[in-house]
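Could you build all of it, start to finish, from the sequences and the hints given here?
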Amino acid sequence: MSDKLNRNSRVTVTIAASDKLAIYSRDIVKVTQEVGYPNIIPGETVLFSTVAGVEYTSDAFSVETIVTIETGDYSALYQAGTGPVITERRGIRVQGTPGVLDATGTLTAAMILSGIVTSAAATVAATLDTGTVMDAALEMAIGESFDWSCIKVGANSLTVTAAASGHTIVGDPVVVTASSSLFRTRKTAAATYITYRISI
Amino acid sequence: MSNLLKRNSSVEFTLAASDKLAVYSKAPANIYTKGNYPNFVSSTTLLKLTEADIEYVSSAVSIATVVVIEAGNQDVYYNAGTAPVITERRGLRGQGAPVAANTTGAATAAVMISGMLSGIITTTVAAAVTGTLPTFTELEAAVELAVGESFDWAVNSVTGANAFTVAASTAHTVIGTMAVATVTSGLFRTRKSSATAYVTYRLA
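Residue numbers (our numbering), protein chains in the order written: chain A, 1 to 200; chain B, 1 to 204.
Among the hints, erroneous ones may be present.
As a list, the in silico DSSO-like pairs of lysine-lysine whose alpha-carbon atoms are at most 27 Å apart [claimed, not checked]:
| hint | chain 1 | residue 1 | chain 2 | residue 2 |
| --- | --- | --- | --- | --- |
| 1 | B | 6 | A | 30 |
| 2 | A | 4 | A | 30 |
| 3 | A | 20 | B | 34 |
| 4 | A | 4 | B | 6 |
| 5 | B | 48 | B | 26 |
| 6 | B | 6 | B | 48 |
| 7 | B | 26 | A | 30 |
| 8 | B | 48 | B | 34 |
| 9 | B | 6 | B | 20 |
| 10 | B | 26 | B | 6 |
| 11 | A | 4 | A | 20 |
| 12 | B | 20 | B | 48 |
In case anyone wonders, no lab produced these hints; they're calculated from the structure.
These numbers come from a predicted model, not from an experiment.
This is the structure:
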């Protein structure tokens, strides 16, 4: 995750030797370096100004360097390291250990919220959690959604099945053997969800 | 990318003529316009009290207008422009030019890293192509990921008669069916699963 700097503000950071600095903003960002010499008041030298809307990555700094980042009229994301990238612009997301459903049972909110559900050998009927259970499991507003994938690594298929109440499915619910499918779960009303098949 | 206003704080800025303002928060937020008149103390007028969880987009302002946004008990995203949207709520991400890997020889670690981080690898599989994933060490040098973070990328097989197969490498394993058939697309997620390993999953 990158650091975020609000618009019209500044931050001073120390870049370790051999590290680079990556910055992105929709406005120009100025990066200055603090310089100091004996018996002279410390000053600042402009290292570079970024181009609005273009991700900038500096060369590696040869020595540990104190730099100040100043934003313009838009917030900026920045990150330092040997291979810094603005992860937010690459869709970086949390991905913990995937959920596992190897036998017929409940495809719980926790499993699908993990982002990936894997399933081995058996034929599996995977019943979605009810809308009421979903509401209790996560703070979603009406109109919000999240995507998740099901990977069938073994023989046979997995069938995503509607819950007894408040959680339906639209599209082909069958994930065939040795394949992956993408789903989107959307909250349409209080205690009411629809899961869509959005890709094979 | 939208601007972020922290909870229980405010920001003042000028909305250009013809621009609109988009605001979203999980708590109501106040939006004021600010007026300055000769010999009068400057004053604010409530333009909109947004509803929690509802993205608000103002009408276009006819002239440059100073606005103040006051956040409630939740952070606020806001964006200004002729067609502003809260991009964070639409899953927007950067997407530069995709990277081509048309032969096994061309699918070097550097090309695979560049393509994965760009988001799309294209391929014309005149012959079968194996795209070997970068090793843990190679990927670590290219991206600063924490354990438990991940990113998605796709292989887009545009022509040809063969498959593009994503292959594991040292400390970088795979789960799922990794062959992308010709003239289809495959979606993958690469996850840093520990301090010494990555796993790439076939998502779709």
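Hints and how they fare:
{"no.": "1", "hint": "B:6 - A:30", "verdict": "holds (23 Å)"}
{"no.": "2", "hint": "A:4 - A:30", "verdict": "holds (15 Å)"}
{"no.": "3", "hint": "A:20 - B:34", "verdict": "violated (42 Å)"}
{"no.": "4", "hint": "A:4 - B:6", "verdict": "holds (12 Å)"}
{"no.": "5", "hint": "B:48 - B:26", "verdict": "holds (15 Å)"}
{"no.": "6", "hint": "B:6 - B:48", "verdict": "holds (19 Å)"}
{"no.": "7", "hint": "B:26 - A:30", "verdict": "violated (32 Å)"}
{"no.": "8", "hint": "B:48 - B:34", "verdict": "holds (13 Å)"}
{"no.": "9", "hint": "B:6 - B:20", "verdict": "holds (21 Å)"}
{"no.": "10", "hint": "B:26 - B:6", "verdict": "holds (12 Å)"}
{"no.": "11", "hint": "A:4 - A:20", "verdict": "holds (17 Å)"}
{"no.": "12", "hint": "B:20 - B:48", "verdict": "holds (13 Å)"}
Checked against the numbered hints above, the structure breaks hints 3 and 7 and satisfies the rest.
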